[in-house]
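Chains as they are written, first to last, in the numbering used here: chain A, 1 to 393; chain B, 1 to 393.
Hints listed in this document are in silico derivations from the structure and should not be mistaken for laboratory results. By construction, the Cβ of each residue, glycine as well, lies at the ideal position given by its N, Cα and C atoms. A hint or two may mislead.
Where chain B lies over chain A, by a calculated footprint (3+ residues, C-beta under 8 Å) [as the list claims (entries may be wrong)]:
| id | region |
| --- | --- |
| 1 | 16 to 26 |
| 2 | 240 to 253 |
So the derived label-pair ranges between C-beta atoms look like this [unchecked claim]:
| id | chain 1 | residue 1 | chain 2 | residue 2 | range |
| --- | --- | --- | --- | --- | --- |
| 3 | A | A60 | B | L320 | 39 to 47 Å |
| 4 | B | A95 | A | V98 | 44 to 52 Å |
| 5 | A | K319 | B | L10 | 37 to 45 Å |
| 6 | B | L10 | A | A60 | 37 to 45 Å |
| 7 | A | K366 | B | S99 | 29 to 37 Å |
| 8 | B | G318 | A | D97 | 49 to 57 Å |
| 9 | B | D74 | A | E301 | 24 to 32 Å |
| 10 | B | L10 | A | V98 | 18 to 26 Å |
| 11 | B | A95 | A | K11 | 32 to 40 Å |
| 12 | B | A60 | A | I40 | 35 to 43 Å |
| 13 | B | E66 | A | Q308 | 33 to 41 Å |
| 14 | A | K17 | B | E153 | 48 to 56 Å |
| 15 | B | A263 | A | K17 | 17 to 25 Å |
| 16 | A | E301 | B | A60 | 38 to 46 Å |
Number of protein chains: 2
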Amino acid sequence: MKLNEHFFELKSSYLFKRIAQEVGAYKGANPGADIIRLGIGDVTRPLAPAVVAAMQKAAAEMGVKETFRGYDDDGVGYLFLREAIAGYYAQRGTAVDVSEIVVSDGAKSDLGNILELFATDAAALIPDPVYPAYVDTNVMSGHPIVYISGNEENGFLPLPDENLVTDVIYICSPNNPTGAAYSREQLRAWVDFANAHGSVILFDAAYEGFVRDETAARSIFEIPGSRTCAIEVCSLSKLAGFTGVRAGWTVVPKELADSAGRALLPLWVRRQTTKFNGVSYVTQRAAEAVFSPEGLAQCRENLAYYQQNAQLLSETLGKLGIKHFGGKNSPYIWLKCPNGLDSWAYFDYLLKEKNIVGTPGEGFGKNGDGYLRLTSFGTHEATEKAAARLLAQ
Amino acid sequence: MKLNEHFFELKSSYLFKRIAQEVGAYKGANPGADIIRLGIGDVTRPLAPAVVAAMQKAAAEMGVKETFRGYDDDGVGYLFLREAIAGYYAQRGTAVDVSEIVVSDGAKSDLGNILELFATDAAALIPDPVYPAYVDTNVMSGHPIVYISGNEENGFLPLPDENLVTDVIYICSPNNPTGAAYSREQLRAWVDFANAHGSVILFDAAYEGFVRDETAARSIFEIPGSRTCAIEVCSLSKLAGFTGVRAGWTVVPKELADSAGRALLPLWVRRQTTKFNGVSYVTQRAAEAVFSPEGLAQCRENLAYYQQNAQLLSETLGKLGIKHFGGKNSPYIWLKCPNGLDSWAYFDYLLKEKNIVGTPGEGFGKNGDGYLRLTSFGTHEATEKAAARLLAQ
Numbered sequence: 001m002k003l004n005e006h007f008f009e010l011k012s013s014y015l016f017k018r019i020a021q022e023v024g025a026y027k028g029a030n031p032g033a034d035i036i037r038l039g040i041g042d043v044t045r046p047l048a049p050a051v052v053a054a055m056q057k058a059a060a061e062m063g064v065k066e067t068f069r070g071y072d073d074d075g076v077g078y079l080f081l082r083e084a085i086a087g088y089y090a091q092r093g094t095a096v097d098v099s100e101i102v103v104s105d106g107a108k109s110d111l112g113n114i115l116e117l118f119a120t121d122a123a124a125l126i127p128d129p130v131y132p133a134y135v136d137t138n139v140m141s142g143h144p145i146v147y148i149s150g151n152e153e154n155g156f157l158p159l160p161d162e163n164l165v166t167d168v169i170y171i172c173s174p175n176n177p178t179g180a181a182y183s184r185e186q187l188r189a190w191v192d193f194a195n196a197h198g199s200v201i202l203f204d205a206a207y208e209g210f211v212r213d214e215t216a217a218r219s220i221f222e223i224p225g226s227r228t229c230a231i232e233v234c235s236l237s238k239l240a241g242f243t244g245v246r247a248g249w250t251v252v253p254k255e256l257a258d259s260a261g262r263a264l265l266p267l268w269v270r271r272q273t274t275k276f277n278g279v280s281y282v283t284q285r286a287a288e289a290v291f292s293p294e295g296l297a298q299c300r301e302n303l304a305y306y307q308q309n310a311q312l313l314s315e316t317l318g319k320l321g322i323k324h325f326g327g328k329n330s331p332y333i334w335l336k337c338p339n340g341l342d343s344w345a346y347f348d349y350l351l352k353e354k355n356i357v358g359t360p361g362e363g364f365g366k367n368g369d370g371y372l373r374l375t376s377f378g379t380h381e382a383t384e385k386a387a388a389r390l391l392a393q
Numbered sequence: 001m002k003l004n005e006h007f008f009e010l011k012s013s014y015l016f017k018r019i020a021q022e023v024g025a026y027k028g029a030n031p032g033a034d035i036i037r038l039g040i041g042d043v044t045r046p047l048a049p050a051v052v053a054a055m056q057k058a059a060a061e062m063g064v065k066e067t068f069r070g071y072d073d074d075g076v077g078y079l080f081l082r083e084a085i086a087g088y089y090a091q092r093g094t095a096v097d098v099s100e101i102v103v104s105d106g107a108k109s110d111l112g113n114i115l116e117l118f119a120t121d122a123a124a125l126i127p128d129p130v131y132p133a134y135v136d137t138n139v140m141s142g143h144p145i146v147y148i149s150g151n152e153e154n155g156f157l158p159l160p161d162e163n164l165v166t167d168v169i170y171i172c173s174p175n176n177p178t179g180a181a182y183s184r185e186q187l188r189a190w191v192d193f194a195n196a197h198g199s200v201i202l203f204d205a206a207y208e209g210f211v212r213d214e215t216a217a218r219s220i221f222e223i224p225g226s227r228t229c230a231i232e233v234c235s236l237s238k239l240a241g242f243t244g245v246r247a248g249w250t251v252v253p254k255e256l257a258d259s260a261g262r263a264l265l266p267l268w269v270r271r272q273t274t275k276f277n278g279v280s281y282v283t284q285r286a287a288e289a290v291f292s293p294e295g296l297a298q299c300r301e302n303l304a305y306y307q308q309n310a311q312l313l314s315e316t317l318g319k320l321g322i323k324h325f326g327g328k329n330s331p332y333i334w335l336k337c338p339n340g341l342d343s344w345a346y347f348d349y350l351l352k353e354k355n356i357v358g359t360p361g362e363g364f365g366k367n368g369d370g371y372l373r374l375t376s377f378g379t380h381e382a383t384e385k386a387a388a389r390l391l392a393q
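Make a model of the complete structure from these sequences and hints.
Quick look at the structure:
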């Protein structure tokens, strides 16, 4: 059998393994230590009551002959959910047609699978630092990768570079891991660049629910010209705490086509209907409930809870004079390790001196070294305790 | 942007579209016609009460802080479910380790995605007639396809041919669309062949729940030697009526490796954890409930319901002297169109003279022409009415 050799070019995913090992070793030596985990990228608030009620109702329907549902026939999501998603965009003045929305089990799946639409030699522009899955999915399928630097100078929001022209451009805003969010004006530069060079922007909007700045975009489709150059991948993982429920969607505008005029939307629909059989009916009803007025209000309470944590951490770092990014439009805070420490040295300091676990920035790419990511997904109590420890001399 | 040109080599999936058009046209001209659909490949019985109860309980847990679950950490399925699946194999004397089981949202996803483990020039052996997704997924990624004939002479159960050696071998047993099921002895021939040539068998066991013959295998892992040459993809879609719930699994034995000794299990785990974020917790609890004694008994009642339909259809065709395959170990009945009619001509006859909708065999490949597929997924009442119409002169 001939295996895909690209799999053997993958770097081992050691980051979270090494963190677990170091924390485990410290706990072994200090069993009484009260360790606060601010490295976690997962939500902790329970699902909104409206969502739970919708799931239970849908589960009951599945147990009755008259209301049982089998395959989601067209495989792209029930119309009731695609209409709810289109309505969510419409509320903020962004027009997306239901036929352009393809429902899935989450952004991670779609971000990986959408690469199948492109030729193997289509190159990808990936920012550094970055969510590691962008890199791994490209390595797995042999796509050439070109990196663009996020750094202190550009506020971790790199802008187009005429020397770095690729077929595919990854943009995650608000960003994981840096928490930085592009303004509409900055995204306009990317859209113009992509249209000029025939590139496709893969816009990862998984954190749009955290946007608070009026000038920051929540969707690439707020930007004029985006419908001929962009695909948006979005998720309910953070907006509604669906990390354990699994629902997301991808928007491929009808106008998006290659230079020969071949549209991408039918290709994506064909990919999904051939290699995927749709999302659970129960999950689709749960997702629909997120977009009800009651559901959205409940989900926003959870977001506000995390935002309060982010604000406290940001204020605390400010008092300490530690330079940091994110936090305002994002659950992530990306801090510059003080005293010129590298990522792992500062990680060790926080673990051993403050009993706080962060995520070393080096795990997100070369440019992440010297940085550390904190998240706001802990409880208020744990976050307040962490802030007090950071401030204590 | 450079698109994947292989997408443009796909045949348009016209089969079910054309059926819908022909049925629609007939209904338009004959609005009073009482049409019975025996073409449907989807289940119709509601979920087992034990499954619904498990889903509702899990949904409630997700709404409470203390029992909320986020990401399924290792992304391969909760241990409780993998243990339940291993137990399901163990009940029939087949040993599968929990570490070899990777839980997914269904067999269709896994059958498509697992191809990523193989080099682009790895060739696939695909039987004709066949479930069309096998062909389409290989075309999409540019794998060379070699066909092997299923036909009346071999009972639609082709055996290895030394002239048809490939990297990957597709076997679906009990088969969709023909309903034919390999005996253990026949599968032994395939396993020996695969081991001799370093091929990998992709064994689609989605219909194992329908097996009644003692000589027919329900898993490729019942066959000695299979652990060095086979991957099994299975699903709860038919066993438990999960077509609208979405759960399945793939078993990759630890021993399965290429000639350089590189194991496939870690590659599959890496693929899934990079491009997939696990299955809904609620769905995993539902799947666990399938394998409880109560859940299995309830699911088997539904299977018996469909089997009764299959038996009636088979007996009816027997009385009419119409040659057919399947039906005993499968929800599908694959009949030879009488009087030398081609698939679409007999489809038309059934639609117009009997008001019964089947699926023309030609839609499953060249060798399917002259055949038609009936399914047992209708109600008893509809199936009995269809049988009476077939018998009426």
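Hints and how they fare:
1. 16 to 26: violated (count 0)
2. 240 to 253: holds (count 5)
3. A/A60 <-> B/L320: 39 to 47 Å: For A/A60 and B/L320 the Cβ distance comes to about 42 Å; the hint holds.
4. B/A95 <-> A/V98: 44 to 52 Å: Holds - the Cβ-Cβ distance for B/A95 and A/V98, about 48 Å, lies within 44 to 52 Å.
5. A/K319 <-> B/L10: 37 to 45 Å: violated (60 Å)
6. B/L10 <-> A/A60: 37 to 45 Å: For B/L10 and A/A60 the Cβ distance comes to about 39 Å; the hint holds.
7. A/K366 <-> B/S99: 29 to 37 Å: holds (34 Å)
8. B/G318 <-> A/D97: 49 to 57 Å: holds (52 Å)
9. B/D74 <-> A/E301: 24 to 32 Å: For B/D74 and A/E301 the Cβ distance comes to about 31 Å; the hint holds.
10. B/L10 <-> A/V98: 18 to 26 Å: Roughly 24 Å apart at Cβ, these two residues keep to the hinted range, so it holds.
11. B/A95 <-> A/K11: 32 to 40 Å: holds (34 Å)
12. B/A60 <-> A/I40: 35 to 43 Å: Because 24 Å falls outside the window, the suggested range is violated.
13. B/E66 <-> A/Q308: 33 to 41 Å: violated (21 Å)
14. A/K17 <-> B/E153: 48 to 56 Å: holds (55 Å)
15. B/A263 <-> A/K17: 17 to 25 Å: holds (19 Å)
16. A/E301 <-> B/A60: 38 to 46 Å: violated (19 Å)
In summary, the structure is inconsistent with hints 1, 5, 12, 13 and 16 from the numbered list given earlier, while agreeing with the others.
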